[in-house]
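*Asks:* For reference, the chains in residue letters:
Number of protein chains: 4
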Amino acid sequence: MRTNRLEAFSDGVLAIAITIMVLELRTPEDPTLRALWDATGIRFLAYVLSFVFIGIYWNNHHHLFQLVDRVSGSVLWANLHLLFWLSLLPFTTNWMAETEIARAPTIVYGINLLLAGFAFWTLEMTIERGPTEGTRYRDAVGTGNKSLVSLAGCLLGVGAATIAPLLAIGVFAAVTLIWLIPDRRIERYLADPHNAPPPDTGVTK
Amino acid sequence: MRTNRLEAFSDGVLAIAITIMVLELRTPEDPTLRALWDATGIRFLAYVLSFVFIGIYWNNHHHLFQLVDRVSGSVLWANLHLLFWLSLLPFTTNWMAETEIARAPTIVYGINLLLAGFAFWTLEMTIERGPTEGTRYRDAVGTGNKSLVSLAGCLLGVGAATIAPLLAIGVFAAVTLIWLIPDRRIERYLADPHNAPPPDTGVTK
Amino acid sequence: MRTNRLEAFSDGVLAIAITIMVLELRTPEDPTLRALWDATGIRFLAYVLSFVFIGIYWNNHHHLFQLVDRVSGSVLWANLHLLFWLSLLPFTTNWMAETEIARAPTIVYGINLLLAGFAFWTLEMTIERGPTEGTRYRDAVGTGNKSLVSLAGCLLGVGAATIAPLLAIGVFAAVTLIWLIPDRRIERYLADPHNAPPPDTGVTK
Amino acid sequence: MRTNRLEAFSDGVLAIAITIMVLELRTPEDPTLRALWDATGIRFLAYVLSFVFIGIYWNNHHHLFQLVDRVSGSVLWANLHLLFWLSLLPFTTNWMAETEIARAPTIVYGINLLLAGFAFWTLEMTIERGPTEGTRYRDAVGTGNKSLVSLAGCLLGVGAATIAPLLAIGVFAAVTLIWLIPDRRIERYLADPHNAPPPDTGVTK
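Residue numbers (the numbering used here), protein chains in the order written: chain A, 1258 to 1462; chain B, 1258 to 1462; chain C, 1258 to 1462; chain D, 1258 to 1462.
Chain A extracted, bound-state conformation (with noise of 0.2 Å):
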């Protein structure tokens, strides 16, 4: 089964996922800039981790693809449930927000990003194992990679919003810096000619 509508539709829920964080943040009733400050400092520094966040796993998602051309209802239904972690970071991330970084509400977040990231590691493994679909990917991307890392330091994000919260903020922000230096395995890997995807051959793609 060709890729193209699992990256639109993946597309369309990350989309809609980054930009309706927005919605939860209230308009101060004062028109000066103390109000704003104190209607939407806290919240606006969530929504920008959240927003990096996101940004971060469609840039994963947009590279992971580039390397299948085929997938089975098991890689769909693997994409659904990453799908289904992200779709929940705003709620996650307005309760955060409204509470201004509260013990219970930051553990919650941290669980969130921790099965967010299960989530794509799973996609991973289940795109690598697969009869059709892993074989470029194995290639290029081998089995030690970032999701471990940032999977482990979700977890230690978890560990410290149990004692302090805004120390589990500075371990997410550390997170987000992992996947900013770009992994350019798969950018090499895709510029060697012998790499190229298989023909096109009109069939079953």
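Incorrect hints may have been included.
As the list claims (entries may be wrong) - Some chain A residues judged to face chain B by a derived CB distance under 8 Å, without partners named:
{"no.": "1", "residue": "Phe1266"}
{"no.": "2", "residue": "Ile1273"}
{"no.": "3", "residue": "Ala1274"}
{"no.": "4", "residue": "Ile1277"}
{"no.": "5", "residue": "Leu1345"}
{"no.": "6", "residue": "Trp1352"}
Bear in mind the hints are in silico, worked out from the structure with no lab data behind them. Even for Gly, the Cβ is constructed at its ideal location relative to N, Cα and C.
With chain A held as given, fit chains B, C and D onto it using these hints.
*Replies:* Same frame as chain A, now just chains B, C and D:
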């Protein structure tokens, strides 16, 4: 008429329907896990159920249009009919969740699922009976299919809701399981080189 | 300039406009069918009417751009003008529904439909008169078309709303019927191999 | 890396941002035209202004990526940076509208436009200086462009807002006019057969 825009528009509507349900999850006032469960417990389960249903419809829609190369005006309207009932699902989900799965809302939710199922079956029939678009579909899938079993399941669920709403939720969950078992017929059909789509002459497509 | 992104962006805006109307449907407090009808009865009918109108516009937009291969800057703006009036439709639908189809809101709703109709006619004219994009469109459709009949219908509806709002709803529903009768001209034109799009040289498209 | 998903994701975010602003228009309680004007008058003008701005950005984004065939990771992030500021526009528009164009909200709105303009300019620079993607862009557009004039206009608008907010609105409206005058350079460049995109080898694109 080519199918790419029909697919893109449907992807858009389904992506929005699946994502806006999260806007209805209300954040609790108290920053405790207990308050989160009180505020979102049942609602969250309803959200998961509807997320899976819309995911299934997207999945089935995707499979269905793999076999269709050109569509006539009646397919466009049969598709809009399906999107109409699916775009109502966030509303009926929300009512059922807010009333903590009361009788009437659960019946309405079941009727919504039933009408969406009926609309999907109508779409399949419109494609199967179409002069041009049905050929490959008839070869691959034939007449009997899971849509009718799923319709019967939703009907059973509506009946169960009149007795015990929670039982209905169980029935609806069982209906999703029917669809999680993949239908290999379309994938097998497409894998056979003899079933290639007709060569694209660049004229009508 | 190629049309694929214009189509994708328009699909996005129309998919959102058609889906967010459901956010305005308020769930009733009592879990009874009676309460559901009291809370959403009229509103639901207004929702169906607007859903069908946006569906018609998507359908017509889809047909129109089948005949267009390249667009100039003025087509982009004529298209945004159309999207502007269609993106307002959830708002005017909502006001009409909330006031249970009162006079002024129904007039405003009719004016919104009228302006959307005018914007679509402007878009058709911009394409027809364009130096490059109009050729195939002129051949296929010629000058007289249903857009003007539809505009006259909406004007009649606005007039009817000043006397009896419910009569206006009847007129608007009649206007949708004009569009449900398919316009076979574009499909027939495209089916003729002589009317193939110009070969794609890969240069400007 | 190919640009199709970057374009699809950007189209999604822009389509949502341009459409959700209408969710902030509040329907008046009284069913009269007078009440409509009281409730939405100023807000509607702010809505139109932001609709035009997002339309302009979509238009410019569309033009820009016509000249780009492959992008690197830094372009993806420069693009997300632009989408971030544009996704905030519904919020700042809303605050300015609710406060009936008070001083501080108008300054914040202007700063939002300024930051979006800066992000677009950064995106242009990232593309122009990129090792592979910039070649055709540099040939077609060169260095001087309207982005800087637009940035200066927004800066002037922010300054004007500190004196008289309505004057600032006039300045922002004038900035939109700069963009409504089409930039023929890209269209002319693409019309010349010598500037065809490099043949698609099916390898890296």
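*Asks:* State for each hint whether it applies.
*Replies:* Each hint, compared with the structure:
no. : hint    : verdict
1   : Phe1266 : holds, 5 Å
2   : Ile1273 : holds, 4 Å
3   : Ala1274 : holds, 6 Å
4   : Ile1277 : holds, 6 Å
5   : Leu1345 : holds, 6 Å
6   : Trp1352 : holds, 4 Å
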